[in-house]
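For chain R, the structure is supplied; the task is to place chain P on it using the hints.
Number of protein chains: 2
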Amino acid sequence: MQRTVFFISDSTGITAETIGNSILAQFEGVQFDKHRLPFTDSAHKAEAAALRIKTNYAQSGQRPIVVNTMAERALCDIVAASGALMLDVFAPFIGPLEEELATKRSGAVNRSHGMVDYAKYEARINATNYALSHDDGMDVDYSQADLILVGVSRSGKTPTCLYMALHYGVSAANYPLTDEDLEKLELPVRLRPYRDRLFGLTIDPQRLAQIREQRRAGSRYATLKQCRWELEQADRLMRQAGIPSLNTTHVSIEEIASKIFDRFGIERTMF
Amino acid sequence: MQRTVFFISDSTGITAETIGNSILAQFEGVQFDKHRLPFTDSAHKAEAAALRIKTNYAQSGQRPIVVNTMAERALCDIVAASGALMLDVFAPFIGPLEEELATKRSGAVNRSHGMVDYAKYEARINATNYALSHDDGMDVDYSQADLILVGVSRSGKTPTCLYMALHYGVSAANYPLTDEDLEKLELPVRLRPYRDRLFGLTIDPQRLAQIREQRRAGSRYATLKQCRWELEQADRLMRQAGIPSLNTTHVSIEEIASKIFDRFGIERTMF
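Protein chains in written order, with full-length UniProt numbering: chain R, 1 to 271; chain P, 1 to 271.
If we strip away everything but chain R, and leave its shape as in the complex, we get:
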């Protein structure tokens, strides 16, 4: 079974997409063909969207699903006239909140992604620059790091650091364990003062070999044997040094970041 879904918004559509994906993932038997219609903020654009949805309905014979975060009632009505199933993301929550807070909403929907708070923006950018300049483990001063990810090459350290920086303003450095570290089974001297900020990433050897093979096909670096050795040594080193770790094989970047924050008691909210 396949259904077409439109994420429609008068702004970026990120909220519509995030909640839409979470809801749709709960219907495992259905294939969803997803489309974004961001910046639908005028009658003209709403009519174009409605036409597109209506055409899809006529061609597929299946009622499309619309996940909607547009604020203006008039625009919602235009889109609803397409005959789609309308899921209004905000509607169910505004009433209870208005009552609880004894105040009317100000109508500035999607502000969270559309407005810039300079202080927060700077925290994101500074943390991103931090992650970029503390990425390779070479000649790096870790004293300013909120945390330091440790692991073998291609275990997911860099994207995790960048994600934590971009979305949470967390300054995360990363240290790739070298063959020398792995042979000696010793925590590099430079990391020792920051033991309580270290977190290890591990991964299944088969998966690591697959990732490395994509990057350097046919290399020793990508052999299962080499991957297995590195991971076993890394595991041993982390256990000896008392570094908490997470196997990232079946875990998304978002979930890795959340679990690390959880472990360190970092409660920072998203930007």
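None of these hints come from the bench; they were simulated from the model. Be a bit skeptical, because a hint or two may be false.
All copies of an identical chain are treated as equivalent in the list; a pair is satisfied when it fits inside any one copy or across any two copies.
Dumping the calculated EDC-like pairs for lysine to aspartate or glutamate here, alpha-carbon to alpha-carbon at most 20 Å [as the list claims (entries may be wrong)]:
{"no.": "1", "residue 1": "225", "residue 2": "196"}
{"no.": "2", "residue 1": "120", "residue 2": "135"}
{"no.": "3", "residue 1": "184", "residue 2": "99"}
{"no.": "4", "residue 1": "259", "residue 2": "204"}
{"no.": "5", "residue 1": "54", "residue 2": "88"}
{"no.": "6", "residue 1": "104", "residue 2": "136"}
{"no.": "7", "residue 1": "259", "residue 2": "99"}
{"no.": "8", "residue 1": "120", "residue 2": "204"}
{"no.": "9", "residue 1": "34", "residue 2": "117"}
{"no.": "10", "residue 1": "45", "residue 2": "180"}
{"no.": "11", "residue 1": "120", "residue 2": "28"}
{"no.": "12", "residue 1": "120", "residue 2": "33"}
{"no.": "13", "residue 1": "34", "residue 2": "88"}
{"no.": "14", "residue 1": "54", "residue 2": "33"}
A quick note: this is a predicted structure, and the numbers were derived from the prediction, not measured.
Below, chain P without anything else, positioned relative to chain R:
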């Protein structure tokens, strides 16, 4: 007026936080003190959360607000017993969807952030690596770029490229306009074959000077005069070369990315 908000989830809490922030932003007069309670996936953890919420209620005298994406009814009940206003993110949408799709939800809530699709993961990682290795404009081959961001130093190119890569798997390169480019008012030779993939980022000179001052205090690079000159020349160059552009001063990274995708007709959905 201040209210405490808890984002509670049996997984990362990203969906709860995203929709929660969007809803709360619509109540401009209220200050929200936000807390995350991710991975609340057992009765034990739900009880700990409920205690914390209840304590907050008793101490503040204000009813806390809970934005909830936990799946299990029993866990929701435990938290609801704290007396907080419960906003259940999924509840309003499951019924209409079950009816429309004539199928019951499978209960795998928050799958969207908790499950790894290797192909998508690789697309994210490959695009992130692409962005990292095509970031400085030096000696770079642009033939594989989905798009190329052009602008003066510190106009927001790097974080935007990283965001588009991490969340959409879009391979975005970036080219920082040099003084030589700006003096000659000519598109660099290497960019010319890719004219239809170029997008310019601009920024207000005051804001740029502020950002640069943070980075290199007291430098000529950070003076308002230098920023103004660079931005004027960059504007001229982009207009002459027919490069679309966006002023990023009051725009979040998310919105910059969405607007660029919109301009290029890129309809890719988030990972």
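Cross-check of the supplied hints:
In the homo-oligomer, the alpha carbons of residue 225 and residue 196 never lie at most 20 Å apart, since the shortest distance is 31 Å inside one protomer and 45 Å across protomers. For the homomeric pair residue 120 and residue 135, neither the shortest alpha-carbon distance inside one copy (22 Å) nor that between copies (23 Å) is at most 20 Å. Taking the shortest alpha-carbon separations for residue 184 and residue 99, neither the intra-copy value of 63 Å nor the inter-copy value of 61 Å comes in at or below 20 Å. Proximity of residue 259 to residue 204 under the C-alpha cut-off of 20 Å is restricted to the intra-copy arrangement: shortest distance 18 Å within a copy versus 38 Å between copies.
In this assembly of identical chains, the alpha carbons of residue 54 and residue 88 lie at most 20 Å apart only when taken from the same copy (18 Å versus 31 Å across copies). Taking the shortest alpha-carbon separations for residue 104 and residue 136, neither the intra-copy value of 50 Å nor the inter-copy value of 48 Å comes in at or below 20 Å. Taking the shortest alpha-carbon separations for residue 259 and residue 99, neither the intra-copy value of 35 Å nor the inter-copy value of 35 Å comes in at or below 20 Å. Proximity of residue 120 to residue 204 under the C-alpha cut-off of 20 Å is restricted to the inter-copy arrangement: shortest distance 18 Å between copies versus 36 Å within a copy.
Taking the closest pair of Cα atoms, residue 34 and residue 117 come within 20 Å of each other only across two copies (16 Å); inside a single copy the shortest separation is 31 Å, beyond that limit. In the homo-oligomer, the alpha carbons of residue 45 and residue 180 never lie at most 20 Å apart, since the shortest distance is 60 Å inside one protomer and 42 Å across protomers. In this homomeric assembly, residue 120 and residue 28 come within 20 Å of each other (Cα to Cα) only across copies, at 17 Å, whereas the closest approach inside a single copy is 37 Å. For the homomeric pair residue 120 and residue 33, the shortest alpha-carbon distance between copies (15 Å) is at most 20 Å, but the shortest distance inside one copy (35 Å) is not.
For the homomeric pair residue 34 and residue 88, the shortest alpha-carbon distance inside one copy (17 Å) is at most 20 Å, but the shortest distance between copies (24 Å) is not. For a Cα distance limit of 20 Å, the shortest separation of residue 54 from residue 33 inside one copy, 15 Å, qualifies, whereas the shortest one across copies, 43 Å, does not.
Against the hints set out earlier in the document, violations occur for numbers 1, 2, 3, 6, 7 and 10.
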